[in-house]
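There are 6 protein chains.
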Amino acid sequence: MDDQLKKLEKSIGEVPQVMHKWADSDPELKKAVAEMDSIVWEDGRLSRQTKKIIAICVAAALRDRHAVRAQAAGADKLGVEFEDVAEALRVTFLLAGMPAYVYGRTAIEDLMKR
Amino acid sequence: MDDQLKKLEKSIGEVPQVMHKWADSDPELKKAVAEMDSIVWEDGRLSRQTKKIIAICVAAALRDRHAVRAQAAGADKLGVEFEDVAEALRVTFLLAGMPAYVYGRTAIEDLMKR
Amino acid sequence: MDDQLKKLEKSIGEVPQVMHKWADSDPELKKAVAEMDSIVWEDGRLSRQTKKIIAICVAAALRDRHAVRAQAAGADKLGVEFEDVAEALRVTFLLAGMPAYVYGRTAIEDLMKR
Amino acid sequence: MDDQLKKLEKSIGEVPQVMHKWADSDPELKKAVAEMDSIVWEDGRLSRQTKKIIAICVAAALRDRHAVRAQAAGADKLGVEFEDVAEALRVTFLLAGMPAYVYGRTAIEDLMKR
Amino acid sequence: MDDQLKKLEKSIGEVPQVMHKWADSDPELKKAVAEMDSIVWEDGRLSRQTKKIIAICVAAALRDRHAVRAQAAGADKLGVEFEDVAEALRVTFLLAGMPAYVYGRTAIEDLMKR
Amino acid sequence: MDDQLKKLEKSIGEVPQVMHKWADSDPELKKAVAEMDSIVWEDGRLSRQTKKIIAICVAAALRDRHAVRAQAAGADKLGVEFEDVAEALRVTFLLAGMPAYVYGRTAIEDLMKR
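These protein sequences, in sequence, are chains A, B, C, D, E and F. Last residue of the first sequence: 572 (this note's numbering), numbering continuous. Last residue of the second sequence: 572 (this note's numbering), numbering continuous. Last residue of the third sequence: 572 (this note's numbering), numbering continuous. Last residue of the fourth sequence: 572 (this note's numbering), numbering continuous. Last residue of the fifth sequence: 572 (this note's numbering), numbering continuous. Last residue of the sixth sequence: 572 (this note's numbering), numbering continuous.
Accuracy of the hints is not assured; some may be wrong.
[Said to hold, decoys possible] Pairwise CB distance ranges (calculated): (1) 459(E) / 568(B): 53 to 63 Å; (2) 478(C) / 571(E): 13 to 23 Å; (3) 571(D) / 507(C): 18 to 28 Å.
To be clear, the hints were calculated from the coordinates, so they are not data collected in a lab. The structure displayed is predicted, hence computed values, not measured ones. For glycine and all other residues, C-beta sits at the position ideal for the given N, C-alpha and C.
Build out the structure end to end from the sequences listed, making use of the hints.
See below:
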C-alpha cells in the first residue's frame, strides 16, 4: 500500500478493494481519485466521523448497495457509532423513501458493531 | 399554523409551503407527514444542525431541485453555517458526481447567508 | 396530426408537444415511439385511467418534473379523478420519499381539476 | 406479531422481514412506519390490489431490487394477478427504460404464480 | 432464435436472456422491444461500437447492475476494446460519482477481455 | 481565467459558470475539479467529441437538466454535430426511458446548431 492510500485509510477507515487494484491497473485514475478523496475526507470544519455518516446516508439515498457497504465497512474503525448512523438514516427515509432507508439500515446491521 | 406545524418549524427552520396547504386540503396526510417529520428531526444523538446538513447533501445527491432548496431555506434559522454545508457537499460530489454537487452548492449560495 | 398521433391522443388524453415536433424532424423515431406508446397505453387488462395513474406515480418517483407534468396534463381528458391520483401518490411517498410525492402532488394541483 | 403488524399484513400481503426486526430493535421507527404504511395501503378510492401494482411499477422504475421483490412477494396473497402487473410494467418501460422493466418482470416471474 | 433476434444479436453482440424468454411468453412485447432495439443499435452516424460504449456508461451512471453487465457481456463480440470503455467510464465518474464508475469498471473487468 | 481553466475550455468547449465562481470562492475545490476534468476530457483513446456525446447521454439518463444543458452548451464549439448526439440519445431512450431522452433532445435543440 503506497503512502497516498495509507493516508486515505486513516481518513476513511478502510480503503475499498478497487482502489488497491487500480493502484496497479490504472495509476493515473487511482492518483486522481485519491486526491479527490483527500479533499473530501480530510479534517476540516466537520469531523471525519460526521462525513462518514453523511456518506452512508447519501449512498443509501442513491440505493447504491456497493457504496453503502463500502462506506459502512470502514465506519467502526473511525469510531462512528451504530446508533448515530441509524438516527441519521431517518433523514434518508424521509427524503428518499423507506426502501432507501432499508439499504442503509441493512448495511450497518451487517457491517457495524452495536 | 397549528401546534404540530409550529413544533416542526422549530425543528427544521422553515415549514415547506406544501405542508401549510395540506393542513387544509389533506389533513390526514399532513398529520402523518408531521409525525414522521418529528421522528426524523427531533433532538436526539445528532443535532438538528447536523441533520439539516445531511438533508441538504442527500437532496443534492438525488438532484432534487425542490428538496434541496426547501432544506437550504431553513438552514440559516437553525444556525447552520454556509461553510459547513459547503464542506459536507464534497461527500455528495464524490458519491453522486459533480452536477449533484452543483445542485447543492447553487441552493446554499442562493438561500444561505455567508 | 396524423392517424397514429390521433389514436395516441385518444389513449393518453394529450399528445406531448415533442411528439408533434418529431413527426417532422425525426419521423423514424416518432413512429417507433408511437408504436411503443400504443402497446403501453392500449386498452387491456387495466384501464387507460389506471395506467395514467401509474404513469404519474412513476414519473413522480423519478423526480421527473417534465414527465409528471406531461402525464398530469392529459389526465382530466381521460376522466381520471384528482382524488384517485392523490391517493395513489402516497405509494410514491413511501417508496421514493416525501419530495417525490411533492413533485406529483404539485403537478396534479396545477394541471388537474378538483 | 403485534396488532399493528397483523393489520398491515392484511393490507399488503406480507410484512417485510425488516419490520419484524425493527419491532424489537427500533420500536419508535417501526411504529411510525406502520402508521405511514396504514395510511398508504388502507382501503380507499383505489383497491389494495391496484396500489400493490403501482408499488411494483414504482419500485421497478427506481431499479430497486429489494423493494420490487418485497412488493412482488406479497402480491399473490392479495389476489393480484401476474398478467395485470406485467401489463402495468409497460408503463415503467416507457418512463424508466427497458432495464427498469426487467427489474420488475424478473421479480414477478420469480415470486408470483402465473 | 427467430430472424429478428438473429439480426439483433449481430448489432449488440449478445441478446439478453430475457429477450429469448419473452419471445415465447410475451411475443407482442418482444416484437416491440426488438423494433426499438433495431432503431437504437442499427448502423448509422455512430458505429455500433461507440453506441455500446455509450450504453455501458449510461447503465453505470444509473447504478444498474443488470443493465451494465448485459451491455458489457456483448462488448467483446462487437470488437469493443476494454481500454476504450475504461476511458469512457471516466465521464460517468465525473457526472454520476465514483461508485457509478465502480459499477461500470467492475462489470468490464469481469466480462471483457483485456 | 487562469491557465487551468483556459486548458479546460479547450477540452470541453465551454467552462461552466460555476467553475469561474469557484476559482474565487473555493480555490481548493476548483483545483481538484479542474484536475479531475483534465483526466476525464483530455485527448486519449476516445476523441473529445465522443466524450462530449457520452456526457450528454449520461446527463440525460440522469434527468439532470443543468448537467445536460451545461454539456450541450459547449458541444458546437468542439465540432460535435447535432445529428450525432440525436442518434446517441436513442441509447438513453432505451436504457432510461422516453422522458430521459426528452431531457437530452430538448437541450440539444435549444443549444446546438442544426
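How the hints compare with the structure:
1. Checking the proposed 53 to 63 Å range against residue 459(E) and residue 568(B) shows it holds: the Cβ atoms sit about 56 Å from each other.
2. Range check, residue 478(C) to residue 571(E): about 46 Å between beta-carbon atoms, so the 13 to 23 Å window is missed.
3. Separation of residue 571(D) from residue 507(C) is about 27 Å and conforms to the stated range, judged on CB atoms against 18 to 28 Å.
Violated hint: 2 only; the structure is consistent with all others.
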